[in-house]
Amino acid sequence: MRKIISKPQNINSTIRISGDKSISHRAAILNAMAEGTAEVENFCVGDDQESVIRCLKSLGTKITHTINYKDNHPIHSFTIIGNGKNGFKEPKSPLDCGNSGTCMRLISGLLAGQKFNTLVIGDDSLSKRPMNRIANPLKLMGANIRPLNNFSKDEIRAPFEIKGSNLNSINYKSPVSSAQVKSCILIAGAYADGITTITEPSKSRDHTERMMKAMGAEIEITDKKISIENSKLTAQNVVIPGDISSAAFWIILAACHKNAELFIPNIGLNPTRTGILEVLTKMGAKIDISNQKTELGEPRGDLTVQSSNLTGITIEGSIIPKIIDEIPILSLAACFASGETVIKDAQELRVKESDRIKATVQGLFKLGADISETEDGMIIKNSPNLKGSEVNSHGDHRIAMMLGISGLLTEGQTIITNAEAANISYPNFWDQIDNF
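Sequence positions in the sequence shown follow our numbering and run 455 to 890.
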């Protein structure tokens, strides 16, 4: 799919954001593990979330889907009848996680506690991504994980087989700050005898532990250390807040456009995810937050963003895990900031759906940005006079959407190839682009 975009003269509207991708994953998986029935409203229905729903249905979970509309924006809801921890059924075919690393890693934690074998597969892109980071702790807990691709006897990548067992608790020091790794271990920990503890180098997003605690898990959270006992979960109704990673595209559009004001209601404000707001505020973005409240452990509120004069900064260290998904679009914002912006410690981007450091630099450079690649990040100098060109998403949803927003800020036409990648996490992104 090719998408052609031109810059609008002004931007002044309300934009509604589909449910948070990360919270949607967890609401589906944890309510499937729980006892009872849950109504999950404003669920994100991108390709990744469809993979989760498909896998849960293959494991015997009963799930129904309805759609309503607000301001012409589709609101997707799912009714999930929980299996309880031990009510899942052996799938009749391999569990296909598509392109979703979150699905594969979180589902693996659940499968480790089952009494059956499961073959887990993904698409070509996901099959290149490392799974040792979850396989190693799950093996320590007693799960048997066997790779089927013969890539390397020491490297586990999809496809692989998980043979569940009676799990043992572990005290695990993770070599990486990864919400996916942490979540996998916590889900497995709900099945394990004793107390399972995971300690991270720095605190990653904490949606899983917040939701598990709200659903009744015996869980203790102390900054970078989380402990969980063998626990039963109780299904909970929830309205998923808008995804701040998706909102980031529009926040940066409004901040960088010379004549803009956007109102973005019901956005998730989890403190492990608001790094994007911290960074943009430090750069000088005009962002107002109102109507704040909390539901099922997750804070949320309304955002108003106006045209801003941004200043370049250095982005590094403990903030990086909080903004890892937003770095491509932050790099676009850096083009409109005075001075120089330096991004460090972001080497994790090289093992995402694409090498996001390389893909970001290539795309923005082709549009005229003064941007260069480093081993663990990039350097961007003030270069606001971007010119339209033909650019490629490399099949990565966040690169596709970053380039889409670029098109609303560049002179002339921007042509994006492989634009359909945005459907992975944000199916109506291009429809909303067209509204401008």
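Careful, some of the hints might be misleading.
Said to hold, decoys possible - Below, computed lysine-lysine pairings styled on DSSO-like, alpha-carbon distance capped at 27 Å:
(1) K593 to K524
(2) K667 to K516
(3) K617 to K627
(4) K686 to K657
(5) K461 to K798
(6) K539 to K569
(7) K543 to K516
(8) K582 to K546
(9) K841 to K740
(10) K516 to K546
(11) K593 to K679
(12) K461 to K712
(13) K543 to K524
(14) K679 to K712
(15) K524 to K569
(16) K712 to K740
(17) K657 to K569
FYI, nobody ran anything at the bench for these hints, they're computed from the structure.
Here the structure is a predicted model, which is why all the values come from computation and not from measurement.
Handout entry: Ascending list of hint numbers which this structure does not respect
Key = Structure breaks hints 1, 5, 13, 14, 15, 17.
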